[in-house]
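Enquirer: Read the sequence shown against UniProt numbering and you will find it ends at 189, with the numbers running on by one and no gaps.
Incorrect hints may appear among the rest.
[Unchecked claim] Straight line, CA to CA, 27 Å or less: simulated DSS-like cross-link-like pairs of lysine-lysine:
id, residue 1, residue 2
1, K80, K92
2, K154, K113
3, K15, K88
4, K55, K15
5, K113, K89
6, K88, K55
7, K55, K113
8, K166, K147
9, K166, K154
10, K113, K80
11, K113, K166
12, K166, K180
13, K154, K80
14, K15, K113
15, K89, K15
16, K55, K92
17, K55, K154
18, K92, K113
19, K15, K80
20, K80, K147
21, K92, K15
22, K166, K55
23, K88, K113
Note that these hints are calculated values from the structure, not bench results. It should be emphasised that the depicted structure is a prediction, and the values quoted were computed from it without experimental measurement.
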Amino acid sequence: MQRIVHLFFEALMLKRLPRSGYHFLGSGSESVAEHSFMISLIAYVMGQMTPEADKGKLMAMCLLHDLPEARMGDLNYVQKNYVRADEKKAVKDLVRGLPFGEEMEELLEEFAKGESLEARLARDADQLAFLVDLKALADTGRRGPAKWMGVVEKRIFTDTGISLAKSLMDTDWDAWWLEKYVEPSDASE
Numbered sequence: 001m002q003r004i005v006h007l008f009f010e011a012l013m014l015k016r017l018p019r020s021g022y023h024f025l026g027s028g029s030e031s032v033a034e035h036s037f038m039i040s041l042i043a044y045v046m047g048q049m050t051p052e053a054d055k056g057k058l059m060a061m062c063l064l065h066d067l068p069e070a071r072m073g074d075l076n077y078v079q080k081n082y083v084r085a086d087e088k089k090a091v092k093d094l095v096r097g098l099p100f101g102e103e104m105e106e107l108l109e110e111f112a113k114g115e116s117l118e119a120r121l122a123r124d125a126d127q128l129a130f131l132v133d134l135k136a137l138a139d140t141g142r143r144g145p146a147k148w149m150g151v152v153e154k155r156i157f158t159d160t161g162i163s164l165a166k167s168l169m170d171t172d173w174d175a176w177w178l179e180k181y182v183e184p185s186d187a188s189e
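Let's have the full structure, built from the sequences with the hints guiding it.
Expert: In structure tokens form, the structure reads like this:
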């Protein structure tokens, strides 16, 4: 039981660990845990849109995908050119002694390979989570994120992911509440 509780405290580190890529954007911020929530929500939706996908596997993959960062930190694309994290070792140490550790390790490996339907959807959900944040930042006047949106869109490969990305890019970040709570004449003021 203690090893399971250790896992909880290890996962708590993700709430305190900032995603490092935002430094290069010049605006925005997000913890790894906040990102994990968003990718999991997006994966839930993608699972509903893709009936042939194993929804439980997809959700578990997304929930766990960045857990090794509690040990390694969050390396962005620039840092990965100079620093090599030993993710396999981090995963081995992370799951050691857990009664369900082998399943966690298999899910993380499947995500990393990106070959199964669930892994492809999960990887797209990962990019879509970033794209949602970039779009909201760009829509509120930040210039840096707009430069990255096209780059992130090109990392999305499933039909479901592409469809969601297109709709996301065609929608203002605040449309979900503006159309209900603001009269058309109020919006122009």
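Enquirer: Against the earlier hints, flag every one the structure doesn't satisfy and list their numbers going up.
Expert: none
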